[in-house]
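When you get a sec, could you build the whole thing from the sequences and use the hints?
Plus 142 on top of the position in the sequence shown (first one is 1) and you've got our numbering.
Among these hints, one or two may not hold up.
To be verified - Straight-line Cα separation of at most 25 angstroms, PhoX-like style, residue types lysine-lysine; simulated pairs:
1. 272 <-> 302
2. 224 <-> 195
3. 330 <-> 216
4. 165 <-> 216
5. 272 <-> 284
6. 176 <-> 333
7. 227 <-> 249
8. 237 <-> 216
9. 224 <-> 272
10. 355 <-> 254
11. 165 <-> 330
12. 160 <-> 319
13. 160 <-> 323
14. 302 <-> 333
15. 216 <-> 254
16. 355 <-> 272
17. 195 <-> 322
18. 254 <-> 227
19. 263 <-> 216
20. 323 <-> 176
21. 224 <-> 355
22. 302 <-> 284
Hints in this document: simulated from the structure, not taken from any laboratory.
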Amino acid sequence: MKKLLLVLLPLLLLSSCKTNEEKAAELIKNELSKTLYDFESYSPIETSVNVAKISLYNDTALWNKGVMLANYMKETLEYMDKSEKAKELMELWGKPSYYSSSYSDNKYYKFKDEYTDAIAKVIVEGALCKVIAQELRDTLSKIDTTQVIGWEVSHRFRCKTRGGNAAIGDYRYIIDKDFKKVLLREDKDDKDDQYVRMALGTVLTDYWDELFKN
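So this is what it looks like as structure tokens:
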């Protein structure tokens, strides 16, 4: 029994002496083994660990609501763009008059309908954005933003894409205090995640009031 303890003790001491970076890297490696297309090509570059406090960008529930905001925001801006283009084409063809042709009249009414439809959707989608943004503000005002929820980890690595090309991944993770569970993952190079971050960035500003004040 004593011999077994003498063998196990160094191993236990070694495992307990892992740095936060090593603990995080081990958990992340396990997570990436489930998602990377070519995990055999995975090679870590750098892992940095900092304390994570609750925020719009670190809390899972708030981030998920940010995903909703980003989707509505994208649709709102797309409909705004459509309305502006339709308005330009309306003005190009001009209002029907005694001298206008039936062809130009039809074009005018076509783009007028497109403009009216786009504006209606801007109003609906924009209202949803303002509601979600206000909900996020209200939630954030009620929580303790000094509360530590775990660890924020930046992890860069090399891997091969589905096409076999070499690529570098740059992910941000929120991990629980015990390095046992990934709470949130953000791909810094992913356009959807970038859009969520941008949408969350509007929450504590007057972005939506300024956008619709006219």
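Hints versus structure:
1. Taking the CA atoms of residue 272 and residue 302, the gap is near 41 angstroms; set against the 25 angstroms cutoff, the hint is violated.
2. Between residue 224 and residue 195 the CA atoms are separated by roughly 40 angstroms; this puts the pair beyond 25 angstroms, and the hint is violated.
3. Simply put, residue 330 and residue 216 have alpha-carbon atoms about 18 angstroms apart, close enough for the 25 angstroms limit, and the pair holds.
4. In summary, the hint linking residue 165 to residue 216 is not supported, as the alpha carbons are separated by about 37 angstroms, beyond the 25 angstroms threshold.
5. The hinted pair formed by residue 272 and residue 284 meets the criterion: a straight-line CA distance of about 19 angstroms does not exceed 25 angstroms.
6. Simply put, residue 176 and residue 333 have alpha-carbon atoms about 22 angstroms apart, close enough for the 25 angstroms limit, and the pair holds.
7. Proximity of residue 227 to residue 249 is assessed by CA-CA distance (about 13 angstroms); at most 25 angstroms being required, the pair is judged to hold.
8. Restraint check for residue 237 and residue 216: the C-alpha separation of about 31 angstroms exceeds 25 angstroms, so the hint is violated.
9. Straight-line distance between C-alpha atoms of residue 224 and residue 272 comes to about 20 angstroms, which keeps the hinted pair within the 25 angstroms bound.
10. For the suggested pair residue 355 and residue 254, the alpha carbons sit about 22 angstroms apart, so the restraint of at most 25 angstroms is met.
11. Distance restraint check for residue 165 and residue 330: the Cα-Cα separation of roughly 21 angstroms lies within the 25 angstroms cut-off, and the hinted pair is therefore satisfied.
12. Restraint check: the Cα-Cα separation between residue 160 and residue 319 comes to about 15 angstroms, which is no more than 25 angstroms; the hinted pair holds.
13. Between residue 160 and residue 323 the CA atoms are separated by roughly 17 angstroms; this keeps the pair inside 25 angstroms, and the hint holds.
14. A threshold of 25 angstroms between alpha carbons decides the hint, and for residue 302 with residue 333 the separation of about 19 angstroms falls inside it, so the pair holds.
15. Of the pairs offered as hints, the one joining residue 216 and residue 254 holds, with about 23 angstroms between alpha carbons and a cut-off of 25 angstroms not exceeded.
16. Between residue 355 and residue 272 the alpha-carbon distance is near 13 angstroms, which keeps this suggested pair within the 25 angstroms criterion.
17. For a cut-off of 25 angstroms, the pair hint linking residue 195 to residue 322 stands: about 17 angstroms separates their Cα positions.
18. For a cut-off of 25 angstroms, the pair hint linking residue 254 to residue 227 stands: about 11 angstroms separates their Cα positions.
19. Restraint check for residue 263 and residue 216: satisfied, since their Cα atoms lie roughly 12 angstroms apart, inside the 25 angstroms limit.
20. With a CA separation close to 14 angstroms, the supplied pair residue 323 and residue 176 stays within the 25 angstroms bound.
21. A threshold of 25 angstroms between alpha carbons decides the hint, and for residue 224 with residue 355 the separation of about 19 angstroms falls inside it, so the pair holds.
22. Taking the CA atoms of residue 302 and residue 284, the gap is about 44 angstroms. The hint is violated against a cut of 25 angstroms.
The earlier numbered hints that this structure contradicts are 1, 2, 4, 8, 22.
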